[in-house]
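Participant: If you're matching them up, the sequences are chains P and X in order.
Letter by letter, the first sequence follows residues 1 to 342 in the UniProt record's numbering.
Letter by letter, the second sequence follows residues 1 to 396 in the UniProt record's numbering.
Derived by calculation from the structure, the hints in this document are not laboratory data.
One or more hints might be untrue.
Stated by the list, open to error - From the derived model, a few chain P residues whose C-beta atoms are all more than 10 Å from chain X:
no.	residue
1	31
2	82
3	88
4	136
5	167
6	180
7	208
8	235
9	241
10	268
11	285
12	293
13	294
Stated by the list, open to error - Derived list of chain X stretches under chain P, where covered just means 3 residues or more per stretch with a C-beta under 8 Å from a C-beta of chain P:
no.	segment
14	65-76
15	147-157
16	351-365
Don't be surprised by glycine CBs; every beta carbon is placed ideally from N, CA and C.
In case you want the letters, here they are:
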Amino acid sequence: MSYKNNKLVMLTSVAALVLGASATTQAATLDDTRERGVVQCGVSDGLPGFSAPDDQGEWQGIDVEVCRAVAAAVFGDAEAVRYVPLNAVERFTALQSGEVDVLSRNTTWTTTRDTTLGLNFAGVTFYDGQGFMVSKDLGVSSVEELDGAAICIQAGTTTELNVADYFRAHDMQFDPIVFDTSEQTVGGFEAGRCDVLTSDTSQLAALRIQLSDPDNAMILPEVISKEPLGPVVRQGDDQWFNIVKWSLFAMLNAEELGISSDNVDEMLNSENPNVARLLGQDSNFGEGMGLSADWAYNIISQVGNYAEIYDRNVGMDSPLQIERGINELWNNGGIQYAPPVR
Amino acid sequence: MSARPKVPTQGPKPPFWRDPAKRALVFQLLLVAGVAAFLLTIIGNTQANLAARGITTGFGFLNDTAGFGIVQTLIDYSSQSTYGRTFVVGLLNTLLVGGLGVLAATIVGFIVGIARLSPNWLISRLANGYIEIFRNIPLLLQIFFWYFAVLRAMPSARDSMSFGEVIFLNVRGLYLPQPLFESGFGLIPLAFVVAIVASIALTIWNKRRHEATGKRLPAGWISLALIVGLPLGVLVVTGVPVTWEVPELRGFNFRGGITVIPEFLALWLALSIYTASFIAEIVRSGIQAISHGQTEAAQALSLPQGLVLRLVVIPQALRVIIPPLTSQYLNLIKNSSLATAIGYPDLVSVFAGTTLNQTGQAIEVIAMTMAVYLTISLLVSMFMNWFNARVALVER
Numbered sequence: 001m002s003y004k005n006n007k008l009v010m011l012t013s014v015a016a017l018v019l020g021a022s023a024t025t026q027a028a029t030l031d032d033t034r035e036r037g038v039v040q041c042g043v044s045d046g047l048p049g050f051s052a053p054d055d056q057g058e059w060q061g062i063d064v065e066v067c068r069a070v071a072a073a074v075f076g077d078a079e080a081v082r083y084v085p086l087n088a089v090e091r092f093t094a095l096q097s098g099e100v101d102v103l104s105r106n107t108t109w110t111t112t113r114d115t116t117l118g119l120n121f122a123g124v125t126f127y128d129g130q131g132f133m134v135s136k137d138l139g140v141s142s143v144e145e146l147d148g149a150a151i152c153i154q155a156g157t158t159t160e161l162n163v164a165d166y167f168r169a170h171d172m173q174f175d176p177i178v179f180d181t182s183e184q185t186v187g188g189f190e191a192g193r194c195d196v197l198t199s200d201t202s203q204l205a206a207l208r209i210q211l212s213d214p215d216n217a218m219i220l221p222e223v224i225s226k227e228p229l230g231p232v233v234r235q236g237d238d239q240w241f242n243i244v245k246w247s248l249f250a251m252l253n254a255e256e257l258g259i260s261s262d263n264v265d266e267m268l269n270s271e272n273p274n275v276a277r278l279l280g281q282d283s284n285f286g287e288g289m290g291l292s293a294d295w296a297y298n299i300i301s302q303v304g305n306y307a308e309i310y311d312r313n314v315g316m317d318s319p320l321q322i323e324r325g326i327n328e329l330w331n332n333g334g335i336q337y338a339p340p341v342r
Numbered sequence: 001m002s003a004r005p006k007v008p009t010q011g012p013k014p015p016f017w018r019d020p021a022k023r024a025l026v027f028q029l030l031l032v033a034g035v036a037a038f039l040l041t042i043i044g045n046t047q048a049n050l051a052a053r054g055i056t057t058g059f060g061f062l063n064d065t066a067g068f069g070i071v072q073t074l075i076d077y078s079s080q081s082t083y084g085r086t087f088v089v090g091l092l093n094t095l096l097v098g099g100l101g102v103l104a105a106t107i108v109g110f111i112v113g114i115a116r117l118s119p120n121w122l123i124s125r126l127a128n129g130y131i132e133i134f135r136n137i138p139l140l141l142q143i144f145f146w147y148f149a150v151l152r153a154m155p156s157a158r159d160s161m162s163f164g165e166v167i168f169l170n171v172r173g174l175y176l177p178q179p180l181f182e183s184g185f186g187l188i189p190l191a192f193v194v195a196i197v198a199s200i201a202l203t204i205w206n207k208r209r210h211e212a213t214g215k216r217l218p219a220g221w222i223s224l225a226l227i228v229g230l231p232l233g234v235l236v237v238t239g240v241p242v243t244w245e246v247p248e249l250r251g252f253n254f255r256g257g258i259t260v261i262p263e264f265l266a267l268w269l270a271l272s273i274y275t276a277s278f279i280a281e282i283v284r285s286g287i288q289a290i291s292h293g294q295t296e297a298a299q300a301l302s303l304p305q306g307l308v309l310r311l312v313v314i315p316q317a318l319r320v321i322i323p324p325l326t327s328q329y330l331n332l333i334k335n336s337s338l339a340t341a342i343g344y345p346d347l348v349s350v351f352a353g354t355t356l357n358q359t360g361q362a363i364e365v366i367a368m369t370m371a372v373y374l375t376i377s378l379l380v381s382m383f384m385n386w387f388n389a390r391v392a393l394v395e396r
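With the hints as extra help, turn the sequences into a complete structure.
Facilitator: Right, dumping it as C-alpha cells:
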C-alpha cells in the first residue's frame, strides 16, 4: 500500500466527518451492511499472522478471521468481506467516519481509545505485550542494557507511549525513530538506522520472519506492557456491537465445548444443551442480534473455533509459532474466557 | 459635430433588475449568503456528527501530556511535555528543513541554471543532464533513494567514517563537534554586527561617491574582509574563548556534539536537489528572456563582463525569475510534509501523525496543520511579492 494512498484515506475520512450528513451510519450498521452485501473490515497494511494478503492475494490472519466470522454470522458467508488496509495513524478516523464497519487490526484496548474516540472495543482476540527485537551482533540480553539506543517504532501506536514511559522510569535515554508503516519500520531496522525494533511481541515474531536474515535477530525476554488486541466498532450502535462481540465469543465457546469446523455437523445432534444452544438447535439466540438461529453454526463451520484460527494463523501450524500462553482458555491455564450462551 | 446619440440625463428610473449596478450587487449578496450558509452547514454538521458519535472535541488536548519521544527537537522537549509543545517542535522541524531547503535549492538552482547556458559543451550538457534526471523522478522516490539506498551504504556506529577524529559519519547520522562558549565570547557576535553595519555604510557611501565622481572602490571585497576579518580578529585577541565538545562513541551511539540525523539529511538533500532542477530552468529562461541587444549595448559601453551580468542582465532577468521562483519555494515547503515517509519528525509526522492518533482529535489536528501550511505559504508569498515589487524595473 503506497504512502500517498494512506494519506488519501486519512483526508477522505476527515472530510467524511466534516461533510457527511449526520446520523447516517448511526444505529443501522447491520442494515447498511446487509444492503451493501459485504462487511467492510479495517485490517492492517500487512502484518503476517494478523492480517496480510497471501501469495494468492487473499487476506489471511487472526484479525482477518474475526472479519470472516462477522460476515458468516451476518450473511452466512464468510467470504462476504471487503478488506480495507489501514495504517496505525488512520485506523480510528476510518472507523469513526464509517469507512469501515469493524476495525480488526491488532489494536490495543486502552481507556482513551474506549472513552474519547466514540468507539467500543468488542473483546480481546489476542492478549499481547510489548517486547524488543535486537540484532544478535549487538550483544545485549536485556532491555536494561539498552540505555542510549536508537529505537525504531511505528507511528501512532501505544508502543510509542510505552517505550517513552519505560525508559523514563528506568532513567535511560533513547532516540525514537518513528515510521509510518510496519514495512518502513522493518526497513529502518534492517538498514541499521536503529539498534532496536519495538512492538507487540506477536508482531515482532511476524516482523522477524520478514527480515532477510531472521536468525541474526533475537527478541529480548522482557515484556513491558499489557496489550489486549481486539476488534473495535463505533459507539452508539449496540446491535452491531453485540454481533461483533458474540462472533468472537462464539469461537471461544466453540473451542470450550469441543466444537470445531470438522465436527460441527455431527455436533448438531449433540445431547449437550450448551452445544445445542450455541448451534441454534434449542432456541434462537441470533434473534436478539437481528441474525438467524444458525449464526454460530455458520461461524464455526466456515471459520472454525478459536483454537483453529489461533493455530493456523499465529500458533504452531503457522510460521510464527507463538505458544498459546495466556491466550489459552480459562480452564486450560490461560485467560481467554467467553460468557455462556444461555 | 459628434455622431453619438445624446444620452438623456433625466427620465424615468429603470426598475432595479434592469440596473446592472444594482443587479451585480444583488448577485454578490446572494453569493456571500450562499458561502456563509455552506460554512454554517459544515460547522453545524461536524458538531452534530461528533456529538452523535461521542467523540471528544475542542482544543483542551493541547495541554495534556504527550508521553512520547521525538528524535530531533530544536527546543527543550521530553515525553512529559504537552501536545501543544509537540506542535511547536514539529513546526520548527518543518521550518528548519524548509528554510535550509530553500537556501540550498536557490544556490544550486542558480549555479546549474547559469551552467546550462555555458558556452562550454561539457558543462552545459552536465547541467542539462542534472535537470532532466532530477525533475523527472517523483520526489518521494528520491527521498527513499537518499534515505534507504544511501543509508544502507553507511558504516555502523562502531566503524564510523572519521574526519580528523572530530567529525563522524555513520548510519545514525553526521556527528559534528559543538562549540561551547566561554565568558568573553559575547564580543564576537558584537564584532560581527559592527562589521555588517560598517559594510552597509561603506556600500552606500561608495555608491554615492560613484554617482558623484565616477570613482569607486571594490566595496564588495572590502565588506567581505570586514565581515570575516573583524570577528576573527576579536576571536584571536580575546584568546579564543571557545572549547569544542567532540562527539564520542559511548555505548551504542555517539553522544555529545551536534547530531544531524540521516532523516534530515535525506529529506533536505532530496528536496533541495529536486527543487533546484526546476529553479535552474526558471533561471535559464529568465536569462534567455533578456534580448541579446541589451548585452551588446552594455558591451558597447565597454562594461566588463561581470558588470554586464550584474547591472544589465540579472536585474532584468529577476523580473521574469521571481514569480515562478515563489511557486517553487512554496512547493518545497509543502513537499517537506513527505518527511513522514522516512520518519523525519516534521509537523505532519509528529502532530498530524502521532498526536492525532494518540488523541484521536482528527478534525482539530488536521485543521491546525492545514492552517500552518497556509500561513507559511502566504507569508513566503507576501515576502516574495514585496521583493518582486522592489526589483521590478523602475521606468523613468
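Participant: Flag every earlier hint the structure violates by its number, smallest first.
Facilitator: 3, 5, 6, 8
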